[in-house]
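Trainee: In case you want the letters, here they are:
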Amino acid sequence: MTDDHEHYEAVVVGCGPGGAAAAARLADHGVETLVLERGPEAGSKNVSGGLVYAEESAPYTLDDLFDGFREAATERPVTDYYIHNVAGNSVKTYDLTDLHEHDTDWCDSVLRRDMDSWLETRVHEKTSATGGGVLTNVRVNGLLRDHGEIVGVTCDELEPIEADLIVAADGVNSELARDAGLMDWAEPEEWFQGVKAVVDMAPDAIDDRFDIGPEEGAAHLFSGDLFEDVRGGGFLYTNADSLSIGTVFHLDSLVEQSAEPHELLDALLTHPLLAGWFKNEYHEREYAAKLVPDSKKVAHRRPYRDRLVLVGDAAGQMQAQGPIIKGMNHAVTAGALAADAFAITRGTADPAAAGRRYTTLLEDSGTMAKLRPRRYDLARTVGERDTVTNAVERVLASPIGSLAVGNPIADRLLQRAYNSPFLVSMLPDTKTGYISLPTLIAEEHGKTIHWESDIEPPTLEERIGDLTYDTDVGNPHIELRDESAAASGAAVTACPVSARDFGGGCYRSEAVTTNGTEETLVSLDTQPCVECGTCAIVADTEWEHPRGGKGVEYREG
Amino acid sequence: MRSIVLTKGVPDFSEGAVSFDEDGHLERGKTPTVMNPNDEVALQAALQTTVRHGGHVSGMSMGPPGYGEVLQEAMASVYTDDSYLLSDRELAASDTWATAITLSAGLETYQEEVADIDLVFAGFKTADGETGQTGPQTCWAMEWPIVTHVIALDIDPDERTLRAKRLVEGDIDEVETVEAPLPCFVVTDPEFEPTYRTASHRLTHKRLRAETEERAANHDAHLTTWDHADLNLDPDYIGLDGSPTIVSSVDPIPKAPSEREATMIDPDEDDMGDVLEEMHPFAAGAGD
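Residue numbers (the UniProt record's numbering), protein chains in the order written: chain A, 1 to 557; chain B, 1 to 288.
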């Protein structure tokens, strides 16, 4: 320790659910805890599909850590859960409530600005009592090292800070995890990308149209041929007075198909199935995007280095359990366990003692087994081999396949199979599970919808125009290292706020003629950036978060 | 550090709030009174001092009883621990000179009744009078050093000195660094920006902001009002009688000449064609 730097026992970077849980638990242990959040308010940088789970088997849940959480910070409990297999206008719906309720104590829809800002207030109360507190508008930009060992953090806005424990809860684009060499932005296969629209709907209209009570909520998933050949699906969750409607796709599939994420979202929004709920009224409050790590592939098995521990998205702790994505609950568990690990090992000379204990706690609590199921590792070797996929695809496409999926017994079995946590966790990341099978189910068992949708979602330009930005003029947070189409062209379509032939997005491609030869170059304007991190993976960039308080500010999240 | 921030209530000149009569004279009765915008900067400087060194900030103003709201605004929007209002019918219609005499009496009384003062902060000019004289005149009456146009401030509590950066405007802006002993009078420049570069300062700032907002909700409990007797002032030397300034006349603000004419047209009708025809020569660059 040097006298030059301020010192706190613990510094938590990021005040989402993972950081909030870590900080609250550290405060419970009497640890002097400083929380640094780069947004103007917690939640202003955060997006989720919108369901937070409390698992019966989890050691910690949000309402354990924060009294009154569900009453104050969530939208509706999810009481009805369905998946819709779609083929054109033909739809076959399965009740997924059994899968949804498996190991579920409760599950509520949430909007992150409301939820996280509520958590921030509670965390500030708790941590202030330890001599710390929550500071917003502060971006932590890297790790402070002493003779190569991590001893603290550096910030854009503040002098460096030393700490005995550093909790990186700085999200999917964690700059600390990358600085420590624990995570990278290398492979599109390891990520999903989600986009979401929050759409106005009056509470009684929600109750009426989704056939639920005021204290109930519905979740609907969508798969099949809605999204052409892009692997992924859609979701719709009911909030108190709005709907969260979104789509989530494998990033590698988005890139392969040169698909436009906002168009895939529009394909869902304009499907006749949704027209029955909208009743020709559509007002979009907010368009948002987020990168989602696939924990099966990237959840770090030993998420620590020296005094640094990673929790939540920063550690890749986002579980895709078949169609159900669970992230916030694991971040909460991980954050609280990291805090416990520090409390247990407090005073130990070995700086990595807390990290090691945290790893053990993740294992012993069964959390790591959920994030990286062993059976997936076994299944993926089979499931992702093209020959197997092709063979299965051919069978499904054949009359025999249609017959097998199409008979009435298969219908019942399929609904049961969808509800099996064991089976869905083995679903390989191929088009079979996402597209071929659901399409076939819809074709064979589905009912045809005979009305059309009149919904016209906003254009991408309008969506960007409706977002709130505090642009850091003259100080772009992303630099394009290679502007060739080969290196960075994928960002033009994959970036959720860019599109082909759209001049108002982040990434544009331009034909440039030099010395008589024409080549396509990519240019970048970070003003409309929603900080999702997609381009960091699919393009060649130097990617950082904007300075504290700058950039996009989500109102809903 | 014990700081006093001098604030003044001014008409709210913001769009929609301000009201002028037909002759272009300000209608005080119809225009709400708000804290002089530049005073916020002075309050920020006092808050920065308190965050860094601890201490106490008192807001002080001269004006009718309603000016308690201005002091409340100072407490709510930035920071003060308590408020002192110098209010008396005898003080009405004071010019800068009489105001300075009254304020210096307020500061003297404060030193006698409350505590020794280390720093007095004032904003640069008021939005109504724009004389920029009251601060320096008050300071002259106190016989303290004054540092004006301050854009950055450091205090050394042990040495009892301050070091300030001053923005000196000339053909080009120059920044001058000066040192002065405490107690001292500081006039902040609108360019002054408080800086909090450590986590502990930011945490303190956040705590003080929360406390002052809570306090401001119950402002009357923190407000002390002094009249001319409390201030030990002779009525002949204050208010209108003590004001040597003679206002020769007040010019109404001239109305902007209106040369534009608006015609509503229906974009779906033939009217649009007429507009295009009318605009055409200008589009071609042939307009005059």
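Hints in this document: simulated from the structure, not taken from any laboratory.
Note that beta-carbon positions come from the ideal geometry of N, C-alpha and C, so glycine has one too.
Take the hints with a grain of salt, since some may be wrong.
[Said to hold, decoys possible] Derived, one-sided and incomplete: chain A residues facing chain B with beta-carbon distance under 8 Å:
{"id": "1", "residue": "6"}
{"id": "2", "residue": "133"}
{"id": "3", "residue": "135"}
{"id": "4", "residue": "161"}
{"id": "5", "residue": "273"}
{"id": "6", "residue": "472"}
{"id": "7", "residue": "473"}
Trainee: Need the list of violated hint numbers for this structure, in ascending order.
Mentor: 5, 6, 7
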